[in-house]
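Asks: Read off the chains here:
There are 2 protein chains.
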Amino acid sequence: MLYNKITEEILEQFRNIAGIENVLIEHDLLEKYAHDETEDLHYYPEAVVKPANSEQVSLLLKLCNEHFIPVTPRGGGTGLSGAALPVHGGLLISMEKFNKIIDIDERNLQATVEPGVITEVFMNAVADKNLLYPVDPSSKGTCFIGGNIAHGSGGPRVVKYGTIREYVLNLEVVLPTGEIIWTGANTLKYASGYNLTQLMIGSEGTLGIITKIVVKLISRPLHNILLLGSFPTNEDACKAVSAIFRAGVTPSALEFMERRGVEWVIEFDHLQFDLKDGVEAFLIIEVDGTNMDTLFAEAEIINQVLEENGCTDVLFADSSAQKEELWKIRRTMAVSVKSNSVYKEEDTVVPRAELPALMHGIKQIGKSYGFQSVCYGHAGDGNLHINIIKGSMSDEDWNTKLKSGIQEIFELTVKLGGTLSGEHGIGLVQREFMSLKYSEIHLNLMRGIKEVFDPKGILNPGKITPDVN
Amino acid sequence: MLYNKITEEILEQFRNIAGIENVLIEHDLLEKYAHDETEDLHYYPEAVVKPANSEQVSLLLKLCNEHFIPVTPRGGGTGLSGAALPVHGGLLISMEKFNKIIDIDERNLQATVEPGVITEVFMNAVADKNLLYPVDPSSKGTCFIGGNIAHGSGGPRVVKYGTIREYVLNLEVVLPTGEIIWTGANTLKYASGYNLTQLMIGSEGTLGIITKIVVKLISRPLHNILLLGSFPTNEDACKAVSAIFRAGVTPSALEFMERRGVEWVIEFDHLQFDLKDGVEAFLIIEVDGTNMDTLFAEAEIINQVLEENGCTDVLFADSSAQKEELWKIRRTMAVSVKSNSVYKEEDTVVPRAELPALMHGIKQIGKSYGFQSVCYGHAGDGNLHINIIKGSMSDEDWNTKLKSGIQEIFELTVKLGGTLSGEHGIGLVQREFMSLKYSEIHLNLMRGIKEVFDPKGILNPGKITPDVN
Numbered sequence: 491m492l493y494n495k496i497t498e499e500i501l502e503q504f505r506n507i508a509g510i511e512n513v514l515i516e517h518d519l520l521e522k523y524a525h526d527e528t529e530d531l532h533y534y535p536e537a538v539v540k541p542a543n544s545e546q547v548s549l550l551l552k553l554c555n556e557h558f559i560p561v562t563p564r565g566g567g568t569g570l571s572g573a574a575l576p577v578h579g580g581l582l583i584s585m586e587k588f589n590k591i592i593d594i595d596e597r598n599l600q601a602t603v604e605p606g607v608i609t610e611v612f613m614n615a616v617a618d619k620n621l622l623y624p625v626d627p628s629s630k631g632t633c634f635i636g637g638n639i640a641h642g643s644g645g646p647r648v649v650k651y652g653t654i655r656e657y658v659l660n661l662e663v664v665l666p667t668g669e670i671i672w673t674g675a676n677t678l679k680y681a682s683g684y685n686l687t688q689l690m691i692g693s694e695g696t697l698g699i700i701t702k703i704v705v706k707l708i709s710r711p712l713h714n715i716l717l718l719g720s721f722p723t724n725e726d727a728c729k730a731v732s733a734i735f736r737a738g739v740t741p742s743a744l745e746f747m748e749r750r751g752v753e754w755v756i757e758f759d760h761l762q763f764d765l766k767d768g769v770e771a772f773l774i775i776e777v778d779g780t781n782m783d784t785l786f787a788e789a790e791i792i793n794q795v796l797e798e799n800g801c802t803d804v805l806f807a808d809s810s811a812q813k814e815e816l817w818k819i820r821r822t823m824a825v826s827v828k829s830n831s832v833y834k835e836e837d838t839v840v841p842r843a844e845l846p847a848l849m850h851g852i853k854q855i856g857k858s859y860g861f862q863s864v865c866y867g868h869a870g871d872g873n874l875h876i877n878i879i880k881g882s883m884s885d886e887d888w889n890t891k892l893k894s895g896i897q898e899i900f901e902l903t904v905k906l907g908g909t910l911s912g913e914h915g916i917g918l919v920q921r922e923f924m925s926l927k928y929s930e931i932h933l934n935l936m937r938g939i940k941e942v943f944d945p946k947g948i949l950n951p952g953k954i955t956p957d958v959n
Numbered sequence: 491m492l493y494n495k496i497t498e499e500i501l502e503q504f505r506n507i508a509g510i511e512n513v514l515i516e517h518d519l520l521e522k523y524a525h526d527e528t529e530d531l532h533y534y535p536e537a538v539v540k541p542a543n544s545e546q547v548s549l550l551l552k553l554c555n556e557h558f559i560p561v562t563p564r565g566g567g568t569g570l571s572g573a574a575l576p577v578h579g580g581l582l583i584s585m586e587k588f589n590k591i592i593d594i595d596e597r598n599l600q601a602t603v604e605p606g607v608i609t610e611v612f613m614n615a616v617a618d619k620n621l622l623y624p625v626d627p628s629s630k631g632t633c634f635i636g637g638n639i640a641h642g643s644g645g646p647r648v649v650k651y652g653t654i655r656e657y658v659l660n661l662e663v664v665l666p667t668g669e670i671i672w673t674g675a676n677t678l679k680y681a682s683g684y685n686l687t688q689l690m691i692g693s694e695g696t697l698g699i700i701t702k703i704v705v706k707l708i709s710r711p712l713h714n715i716l717l718l719g720s721f722p723t724n725e726d727a728c729k730a731v732s733a734i735f736r737a738g739v740t741p742s743a744l745e746f747m748e749r750r751g752v753e754w755v756i757e758f759d760h761l762q763f764d765l766k767d768g769v770e771a772f773l774i775i776e777v778d779g780t781n782m783d784t785l786f787a788e789a790e791i792i793n794q795v796l797e798e799n800g801c802t803d804v805l806f807a808d809s810s811a812q813k814e815e816l817w818k819i820r821r822t823m824a825v826s827v828k829s830n831s832v833y834k835e836e837d838t839v840v841p842r843a844e845l846p847a848l849m850h851g852i853k854q855i856g857k858s859y860g861f862q863s864v865c866y867g868h869a870g871d872g873n874l875h876i877n878i879i880k881g882s883m884s885d886e887d888w889n890t891k892l893k894s895g896i897q898e899i900f901e902l903t904v905k906l907g908g909t910l911s912g913e914h915g916i917g918l919v920q921r922e923f924m925s926l927k928y929s930e931i932h933l934n935l936m937r938g939i940k941e942v943f944d945p946k947g948i949l950n951p952g953k954i955t956p957d958v959n
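If you read the protein sequences in the order shown, they are chains A and B.
Mapped onto the numbering used here, the consecutive letters of the first sequence carry residue numbers 491 to 959.
Mapped onto the numbering used here, the consecutive letters of the second sequence carry residue numbers 491 to 959.
In short, the hints are calculated from the structure, not lab data.
Mixed in with the good hints there might be a few duds.
Each pair may be met inside one copy or between any two copies, as identical chains are not told apart.
As the list claims (entries may be wrong) - Mimicking DSS-like on lysine-lysine, the simulated pairs with C-alpha atoms at most 25 Å apart in a straight line are:
| no. | residue 1 | residue 2 |
| --- | --- | --- |
| 1 | Lys619 | Lys650 |
| 2 | Lys619 | Lys729 |
| 3 | Lys766 | Lys905 |
| 4 | Lys706 | Lys650 |
| 5 | Lys706 | Lys880 |
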C-alpha cells in the first residue's frame, strides 16, 4: 500500500496538537527512534511526536487516519522483534511523556499507570508499599510497561506468578480512527463479551495505542532462596527442568544458561566467577514465599531432583549480594552475547518437557548450516532464547542460508507443540515465518480483526501478519 | 434477520453426518435442550444433533452456513445467562458425546480433553495423578469444561489460582464456516500474533465451536485450613475481605454468604447448622499449601483481621467432613434460593474493596423498588451473585418495574469500576444492559469481530451484543 507523506501543513497540525517542542523532524534527532534492540535494523520515521495525553494521541491518529499517513507507536525502544520500527516512514508516536504512576490503590491492590512508566520504576513504587507487580523482563530498567503489554512480555517470574495477561485488568486505548475506549473493567474477573483487554495484549501496537493501564498487584513474598545448578550437558539441564515441577515444586524462577553465554558475560562484565571444567549448562532456580521452613523444604526437594538429573554442583547463594550477582549474569547475557558477534535472536517456546529435544535439534541444525548458537531463557516456561552466532560463517552463507536454518528451527518448534515467540512478539522480523505455524484461514482471522480496528491500515503497518502492509 | 428453517432434506443430511440415532426432532426429546439453568426460559430448537468428532461438527456448520440456518452449541446446560438457548430455533449442537479425556501429560503438566467432559470428572482424573486443575464452578458436578471456557467461568479458587484464562493454552475450534483451526500453541507463554485462544474464552459459542482443549495443570496442594467467620452485618463481612489481602494473605477461597441464603440451604437440605441470632453474613475462607506451619500462620493472621473487622465468631473446621459440610452450604445456595421463590440472578463484579458500597447500594435499590435480595459469591474476586427475590412483589411490579431496578444495580456496578458479569456471561439475558457499560464504538468492535468469524451470523445468534441477531 502506498501511504501519503507528511506535508508541511500536517507537520504544523502536529505542532498545534502536541506543542512545537514535541515534534521532531531533524535527521539526527530521529536517529534514536529509527531502531529498537532488534539486531541492526534502522528505519527512519518522517517525524516523531511526543504527545502528553490521550486527547493528543486521539487527535494525531484522527489526522493521520484522514490523510492516510502510517503511524508507529513506540515505548522504551527495547523491543526484540522490530515492532516499533517505522518501516513505512510516516509518524512515530513516542510514549515517553506518559510517565506517571497515576494511582497505587492499596485497598483494591490495583494500580493505574501510564504506558511510558519504566517497568522497574513501577515495580519499585509498588514494592515500597509491600506489594508485587511480578512481570519483570530482563530489560526492566529501560523498557516501558505499555510496551510490555503490547508485546505480551514475560520475564523469569511468569513460571510462578503467571503471564502479564493475568495482571492487566483494563486498558485505555486510542483506536486508529481516534476514538478512545476502555477495553474492560477494573475487576479480577470478566465475562462481559469479547475480551478486548486480552486482545490488545500482544497486539504489538497494531490495533490501538495504549494510554492508561490498570493492573492487579499481589502481596510481596518476604523471602527467597536462590540456587545455581551446574550440568555436564545442555540436555541434562533441560531434563531437570520438568522434573522439578513433577516433584511438586513451583519455583519463582527457573532459568537456563549455556556455558558460552556465561563465559561471554564474565568477559563483558569482568566478573569473578569460577567456571569449572566439564560444565556446559546452568540452571538458576529461585523459590520465594513467606515461610523460610517451606522454602528450605522446597530447596531440598530441588537439590535432590538436580542430583538425580546429572547436576554436578549446586550452589546455594548465601547473601543478597551473591543472589544479585547470579541474577546479573542472567540479565547481562543478552547484551554480552550481542556485543560479541553478529547474531540473530529467536524466542522459541515449547511445552516444557520438550526442551531437551528442542535443544538437541537446534545444535543439529546449527551443525548442518555451519552456525553456532548460545541459548538461554525461561526454561520453566519452555521459553528458550536462541542467539544464532555468525562466528566463522561467511557473509554469503549468513545472508543467504541463515533463513533456511531459522525456518528449520521454527519447524522443529512447531512440531514439538510450540510456537515462534513466547514473549518477544512477531513484529517485523518474524512475520515471514508466521505461515510455518498458522494456516491462511488463521491468518485471515488476524487480518480481519486488524481491519475491524484499523480499516485504513494506518497503525503500525508491516507487523505481525504477512502480506498486510 | 430471518433465518431459514430446517427442511426434511437438510435433516436427512444431518442424519448422514452424525448417524440417525444422533438427530432428535421429537418435541419431548427436544425439551431437555430448550432450557438451561437461566431462570424459567424455554426456546425450542428445530433439531438437536449430537456429533461425535470435529469433522462432524465441521460438516454440520458448513451445511447450516450454506443454508442460513442458525446453530446453537450446548455444553452441560448449566449456563446462567441463556447463552445456550436456541432463540432463533434452528439446529442445536449438543457436545455431550465429546466426553473423552484424551491425554494427561505428566511430563509437561498439561492435559488434552474434549469439551463435553464434566469439569469434576476431569478434576478428579488429574487429582489421581496428584495434579490440580483449579477452575471449579459450583456446577462442577454437571457442567462441561468446554462450556466453562466458552463462558470464562470461575469458581472459588480463582482468587488464588487465577482465572480460567491462565489455564487454557490451546483450543481446537470449528469456525462457523466449517474450517477447523487450533487457536494457539501448547505453551505457557505466547506472543505470536493476536491471541485467538483468549478471544475464544468468554465468547459464549458465538465465534466458533470448541472441539478440543489443552489446559495447564499444576501441583496439588497437600493441605488446607477452612474457616467460617460470622458477622453482624453484610458490610462488615465485605470490609473484612479486602483487609485479608492487605494483611498479606492470599486465600485459596474467600466466599461471602448472606444469612437468608444459609437459612434457605438449611431448610432445603435439612442440614444441622447452629445459626446464631445477630449474625447476618458469613465468610468462608480457605488457605491451602504444602506446609501446615505456613497455613497455621496464615489462618492466625486471618483470624486477627476478622476480629478487627467486626467478626463475632470464627469456626475452624476440624475435619474433612466439617469442611465438606461448609462447602456444601455454599454450593447448594444457588439451587436452594431458586427453589424458594421466583427470582432473577445477576452476576456483578467490582473491585474488591467496593463490595461494601455495592452491597449497601443493592439493598437501597431493593427498598425503593420493593424487592428483596439474597447475595453470595466469590467475595475475594469482588464477584457477587445477586438473587433478586420476587417475594411479596406483585406480578405486575415484577414484570414491569424489575428491569429498572436491575438497571440501577448495573449502573452502580459500573460506577464502582465493575461490570455486568464476572463469570456467568452476557448470553441472552444481559445483552440489553450492555450499553450501560459499553459505548457504541466498543460494541461495534465486538460486532466487527463477530462478523470476521461468522460473516453470515449463523452461530449462536442473539447473544452478547445488542441489536445483532
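Asks: Each hint needs a verdict: does it hold in this structure or not?
Replies: Comparing the hints with the structure gives:
1. Lys619 with Lys650: both (21 Å within a copy, 20 Å between copies)
2. Lys619 with Lys729: between (39 Å within a copy, 20 Å between copies)
3. Lys766 with Lys905: neither (35 Å within a copy, 62 Å between copies)
4. Lys706 with Lys650: The answer is both: 15 Å in one copy and 13 Å across copies each meet 25 Å.
5. Lys706 with Lys880: Classified as neither; 42 Å inside a copy, 37 Å across copies.
In this structure, the earlier hints numbered 3 and 5 are contradicted, and the remaining ones agree with it.
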